[in-house]
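Going down the list, the protein sequences come from chains P, V, R and D.
Under this note's numbering, the first residue of the first sequence is numbered 107, with each subsequent residue one higher.
Under this note's numbering, the first residue of the second sequence is numbered 107, with each subsequent residue one higher.
Under this note's numbering, the first residue of the third sequence is numbered 107, with each subsequent residue one higher.
Under this note's numbering, the first residue of the fourth sequence is numbered 107, with each subsequent residue one higher.
FYI, nobody ran anything at the bench for these hints, they're computed from the structure.
There's no promise every hint is true.
It does not matter which identical chain is meant; a pair holds if it fits inside one copy or across any two.
[To be verified] Subject to a maximum C-alpha distance of 25 Å in a straight line, what follows is the list of computed BS3-like cross-link-like pairs (lysine-lysine): (1) Lys380 - Lys354; (2) Lys243 - Lys231; (3) Lys391 - Lys317; (4) Lys267 - Lys229; (5) Lys328 - Lys391; (6) Lys317 - Lys380; (7) Lys374 - Lys412.
4 protein chains.
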Amino acid sequence: MPSDKEFEKLKPITVESLDEILGQPFKVLDDGFVRVVDYMGSDQSIVQAARVSYGAGTKKVSQDRGLIRYLMRHHHSTPFEMCEIKLHVRVPMDAWRQWIRHRTANVNEYSTRYSIAIDQAVKTKSDEWRFQATSNKQGSEGFLESSEGNILSVEEEKLHKNIWDIYNNRIEKGVAREQARKDLPLSTYTEAYWKIDLHNLLHFLRLRMDKHAQLEIRNYAKTIGNEIVKRWVPMAWEAFEDYRMNSKSFSGSEMNLLTLISNSENEKAVDLAKEIGWVKYKDSKINSHLERKEFEEKLELLNLSKPW
Amino acid sequence: MPSDKEFEKLKPITVESLDEILGQPFKVLDDGFVRVVDYMGSDQSIVQAARVSYGAGTKKVSQDRGLIRYLMRHHHSTPFEMCEIKLHVRVPMDAWRQWIRHRTANVNEYSTRYSIAIDQAVKTKSDEWRFQATSNKQGSEGFLESSEGNILSVEEEKLHKNIWDIYNNRIEKGVAREQARKDLPLSTYTEAYWKIDLHNLLHFLRLRMDKHAQLEIRNYAKTIGNEIVKRWVPMAWEAFEDYRMNSKSFSGSEMNLLTLISNSENEKAVDLAKEIGWVKYKDSKINSHLERKEFEEKLELLNLSKPW
Amino acid sequence: MPSDKEFEKLKPITVESLDEILGQPFKVLDDGFVRVVDYMGSDQSIVQAARVSYGAGTKKVSQDRGLIRYLMRHHHSTPFEMCEIKLHVRVPMDAWRQWIRHRTANVNEYSTRYSIAIDQAVKTKSDEWRFQATSNKQGSEGFLESSEGNILSVEEEKLHKNIWDIYNNRIEKGVAREQARKDLPLSTYTEAYWKIDLHNLLHFLRLRMDKHAQLEIRNYAKTIGNEIVKRWVPMAWEAFEDYRMNSKSFSGSEMNLLTLISNSENEKAVDLAKEIGWVKYKDSKINSHLERKEFEEKLELLNLSKPW
Amino acid sequence: MPSDKEFEKLKPITVESLDEILGQPFKVLDDGFVRVVDYMGSDQSIVQAARVSYGAGTKKVSQDRGLIRYLMRHHHSTPFEMCEIKLHVRVPMDAWRQWIRHRTANVNEYSTRYSIAIDQAVKTKSDEWRFQATSNKQGSEGFLESSEGNILSVEEEKLHKNIWDIYNNRIEKGVAREQARKDLPLSTYTEAYWKIDLHNLLHFLRLRMDKHAQLEIRNYAKTIGNEIVKRWVPMAWEAFEDYRMNSKSFSGSEMNLLTLISNSENEKAVDLAKEIGWVKYKDSKINSHLERKEFEEKLELLNLSKPW
């Protein structure tokens, strides 16, 4: 922060690599897209905001990366809020329902009260029908046989035609648009301007790029992350990948167990696991236990064997 | 605010008239409802919070109404934020899409990724099909003939049956719930817990009880207002009706015009209206002008004639 | 909203009249300032966002002003959220305490834990000491005699010197900055980056440009409004002045009374005022009544006489 | 979620162990306190909200703890938002400045525009003056000698007397309260009602119970956590301690290093650390590197030796 008030004139901060793709749609799903309409700030804005706190003069550029990593690592979120981006997106409404749950964004959505609905829903191809996951109550895994899928796809196409015939018929009969739309399918496309600051965008991406997120919104999140944010704020993106996407968290209990296991004190580890209720044997078969299972997955990542 | 710290013990604040209906569903639409699950605070909490600012001791109960009216009139919103309510609602998804745009609430919604979708969409009866409004691009007005409506209702019933057959078939074939649901109609019911503070709830009600709001969500808003909020915080509700629902706002230009008209200076009023571009004559016919029209509606409420 | 996806490339939206003052400090109080560091959007962005709802093609530029006025008049706030601005401000902490109560902004403030406090508090000149308002419990009105004020100013200068001597002495003795600062005066200057969208900025300005706001923060608000927002989004600013700053609201009761008075039905007006408890006579003296008084002020604006 | 709508009547959820301390002040610092004024919800409300998503009937109580732990572990934050608490606090303004930065709470603060300021600032005793930390630019560590501290405390007491004499003199002379207060010290006490949901309260506690938080606000946070939240929602509190307070996060790079070290591949670990720039030798002395140092602290917790 300057000690006097003889400030130089400023120019708006721009990012060349993002300017190159401004307005350009990135395709997602069969008919959706994401494109940048406007933005504000850069990696430099994060650094600048953080340095307000220090009251310090100009620092070496070479230290910017370290500072951004420090901020990300220690959850100092406010400097990331100094960057803002506005996207124009085309998304099926069922994915949009999940999207809009993030309350910190500004939104202007296409209105099917004012206008005729977009005449397009996501069409599922014969090899895109996903099985219900068995391990994960909310997810999907693997695909139906293409021959079986084909039956569903044909059936869907017919259904869509039927629905839009009915919709158009209602409109022709004079029914209000706000009511005529009521039987459009959930996967009908909508469009919106969506504006959000970088901190909240990264939070959105963390949740929606995750393997537990539904495939459709995950595709949007990946496109936003890899095609847009990475170009916009490369240092923040690198720190985000390292400290959020690729990081692992160990609870207090897990730290205690890991200390024993990584020091080859396997018996003590088993005792502790029993004590906290993670390990029980019945007829020499071990119980199933969700927290233990998640811990075992992390042990595997560390190339350590489970001691029970 | 007490000058010493010998505080008395407290009991949770309760409102008898609200306790009487706790958990009881109020029916909305053909299969929806709203019911209170929990709440916190009362008219007294608003008064208590406002008086923190004054550092004053206990005041007469008779002044509470005046204080609440003062706060509402002057947009002192924070005392109203001290009250909180949690509702359990069952709403068609197209109304829920509008509902959820209010970002200040806490929400837990029924998930059709985890569970089979609710097997129910809003059914429109033969006398409930609304015409597109002509005066208002986003609204509806009047109803189709029942005989015409009947055709649409029969068609809709058939469509719903078809859609749920397809949904159930997909589920049987093992398709993931998150994908099988994609062609359910927008008016499929969902359920949610919805928790919000009184200030933001009143803002929601102001927008959604308005005649410009879509009929469906307006019915929910009216039920929440008249059946629930009125019982919960009767003084705040009265002030809300007087200062928000039944109030009229006059812009700077409108105040200038109203001054002239209510003082019978009609010629001057016409001159002013011309000057600010609200009145133009062509071939002795007056132009159409939206702001002027809205002002004329307020003149009519005041039983004053327009001077042009 | 375009019907196909052959979007043209975009350039960031810039506003020439704002670019001219980018980085330039506007002085406020004896040592404070406000300056624009970065921004995003313009009047055009508001229009663009609003038109998403209509799904319409390009409209005539001449209609933009009308659209922006319509949005402001009907409290369609989301299009205004599409504009964002980042300011660098230097503000005394007692004004900053009020400022920061607006929760919708992003903030990075100078930290007196990391750095030595800014060696400057607001100095009140001999003719700037304000009297406690009598009509308004929270305000001020008029000024002390300059000779009396001079005594206070000299006393203050001595106090400030004493406080900073003590602060510097603590720092020299090795006391932590976070603790050494505890006795600095509330009017010590702080600095911050403050980023907010246009809708919330206008809400801030409406409250803080108001005559009830404390003089110090009011000066900041006026500078932001008249020097910055007016240059940035001139159409939105004009609508804001007309529909927010210069508008008057009449409650349901006030509309009823105004109808009678502007139609010269004074007796009926008095009866109604008695009925709703606004007018009571005792010994032929009228009571004092806050709501009635506020209404009388609006009557005066309309050049109408009160009938009681 | 019930399949029919024959809901039973409800009673407000209460928590006996919290009701016992309702209204009772817990002392913090020399003259501050925290007390619960009202609350809504319990551990049961978290479970209830989470189960909306499953559409499931009543589950065994024994599974509630596991569900709450699952939600906390996987950052499913919305169920925790269903609980709300309102506190009455008395806090020095410099701590309140930090407190109020958490934007998700509802606040009504004592106004020194309306009322005479609270005649009390934090008094630092002779053995409470803390040294500036050397390792941590923003913190403190250790205490000044009591004899040195005594000088500072006496000086402070004199200063406080002087300041309040000046404040009272201004008030007597008729200076407006809003201006007279300008030279009160930052550590003057203020009071407020502060209302927040459990999710955001836990976020506040995580940051403010942390050793990097300033001692003063840390004392408030610990009191709120250990005396209030623990009584209110014991299951959520246990999960919070295990997964937030006592957990450790390892970045992608750290996981790679830990895998090698815990598998006794020390040479490879050193190579990797060099490769990513964490380890450099100059004249056989290792460089200082902040990220590496933080990683070494975690290794120590795991009782593992650093390999470089």
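Hint by hint, here is what the structure shows:
In this homomeric assembly, Lys380 and Lys354 come within 25 Å of each other (Cα to Cα) both inside a single copy, at 24 Å, and across copies, at 22 Å. Taking the closest pair of Cα atoms, Lys243 and Lys231 come within 25 Å of each other only inside a single copy of the chain (24 Å); across copies the shortest separation is 37 Å, beyond that limit. For a Cα distance limit of 25 Å, the shortest separation of Lys391 from Lys317 qualifies neither inside one copy, at 30 Å, nor across copies, at 43 Å. With identical chains, the CA atoms of Lys267 and Lys229 are at most 25 Å apart both within one copy (11 Å) and between copies (21 Å).
When the C-alpha separation of Lys328 and Lys391 is checked against a cutoff of 25 Å, the pair qualifies neither within a copy, at 41 Å, nor between copies, at 43 Å. Taking CA atoms no more than 25 Å apart as the test, Lys317 paired with Lys380 passes in neither setting, with 31 Å inside one copy and 32 Å between copies. In this homomeric assembly, Lys374 and Lys412 come within 25 Å of each other (Cα to Cα) both inside a single copy, at 12 Å, and across copies, at 23 Å.
Hints 3, 5, 6 from the list above are not met by this structure, while the remaining hints are.
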